[in-house]
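Visitor: Quick note on the numbering used here: the sequence shown kicks off at 2 and runs consecutively.
Some hints could be false.
To be verified - Heads up, simulated DSS-like pairs for lysine-lysine below, C-alpha to C-alpha not over 25 Å straight-line:
#, residue 1, residue 2
1, 79, 113
2, 126, 77
3, 79, 213
4, 213, 163
5, 163, 79
Since the hints were derived computationally from the structure, they do not count as laboratory data.
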Amino acid sequence: MSKNIFGITNFDNNRIYYEGFSIKIKSLLRNILKQNEKLGMMMKVIDSNEVNKVLTSFLPAEHVKNIFEITPEKLKEKGIKAIITDLDNTLVEWDRPSATPRLIEWFEEMKKNHILVAIVSNNQKERVRLFAEPLNIPFIYQARKPMTRAFYRAITVLNVKKEETVVIGDQLLTDVFGGNRAGFHTILVVPVAQSDGFFTRFNRMVERRLLKFFKKKGYIQWEDRS
Numbered sequence: 002m003s004k005n006i007f008g009i010t011n012f013d014n015n016r017i018y019y020e021g022f023s024i025k026i027k028s029l030l031r032n033i034l035k036q037n038e039k040l041g042m043m044m045k046v047i048d049s050n051e052v053n054k055v056l057t058s059f060l061p062a063e064h065v066k067n068i069f070e071i072t073p074e075k076l077k078e079k080g081i082k083a084i085i086t087d088l089d090n091t092l093v094e095w096d097r098p099s100a101t102p103r104l105i106e107w108f109e110e111m112k113k114n115h116i117l118v119a120i121v122s123n124n125q126k127e128r129v130r131l132f133a134e135p136l137n138i139p140f141i142y143q144a145r146k147p148m149t150r151a152f153y154r155a156i157t158v159l160n161v162k163k164e165e166t167v168v169i170g171d172q173l174l175t176d177v178f179g180g181n182r183a184g185f186h187t188i189l190v191v192p193v194a195q196s197d198g199f200f201t202r203f204n205r206m207v208e209r210r211l212l213k214f215f216k217k218k219g220y221i222q223w224e225d226r227s
């Protein structure tokens with residue numbers, strides 16, 4: 002069977018087969034329901050006129066084109082000593098196994114300027130470990146963002162205060178929402194690649210609706226930045 006728009010190659014009564022992986026249909030439906038529940042909660046808040054609360058929760062403090070626009074000089078101006086960053090589509094494409102030469106230079110520049118870095122990812126252990134260990138960077142896998150526990154674990158590992166730390170990521174619903182809930186300064190980056198891992202695509206659907214709403218209301222000016 003040829004791939005459809007989601008890259009699904011085959012399916013049966015119990016599983017969907019996607020790019021060499023099989024996914025239980027029950028798990029897939031459960032994930033979709035979670036996304037719909039998230040959106041329903043967001044719209045409920047909006048309908049109850051708690052717009053400021055929505056903006057605080059889902060909008061980042063800053064928005065940049067890519068990770069390389071974040072420099073030690075700019076961070077030091079804000080009193081920042083540490084970075085908590087997402088991995089997939091924030092540092093590299095979601096399917097790239099290791100850091101690019103330019104990204105390695107960026108990490109080295111942060112280290113030279115005494116800016117600590119930790120990777121906090123929702124992905125599986127092996128994916129995150131194989132990326133982070135060669136760089137000698139602490140990491141947390143299966144972080145379950147937007148839950149806040151992993152962010153607090155990261156600053157404990159780095160031995161820094163929340164006020165000295167920024168959270169960087171490419172997703173509103175996980176990185177920005179989670180970072181804001183935990184009280185961090187959040188920075189949204191444009192995704193490195195146009196494509197996403199399978200389940201992230203559902204988050205993107207919700208994000209597009211949020212961004213469209215915020216843009217229509219005039220709450221954001223950076224959505225079209227390229």
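Visitor: State for each hint whether it applies.
Guide: Hints, verified against the model:
Using a Cα cut-off of 25 Å, the hinted pair residue 79 and residue 113 holds, with the two alpha carbons roughly 18 Å apart. Of the pairs offered as hints, the one joining residue 126 and residue 77 is violated, with about 31 Å between alpha carbons and a cut-off of 25 Å exceeded. For the suggested pair residue 79 and residue 213, the alpha carbons sit about 30 Å apart, so the restraint of at most 25 Å is broken. Of the pairs offered as hints, the one joining residue 213 and residue 163 is violated, with about 31 Å between alpha carbons and a cut-off of 25 Å exceeded.
Between residue 163 and residue 79 the CA atoms are separated by roughly 13 Å; this keeps the pair inside 25 Å, and the hint holds.
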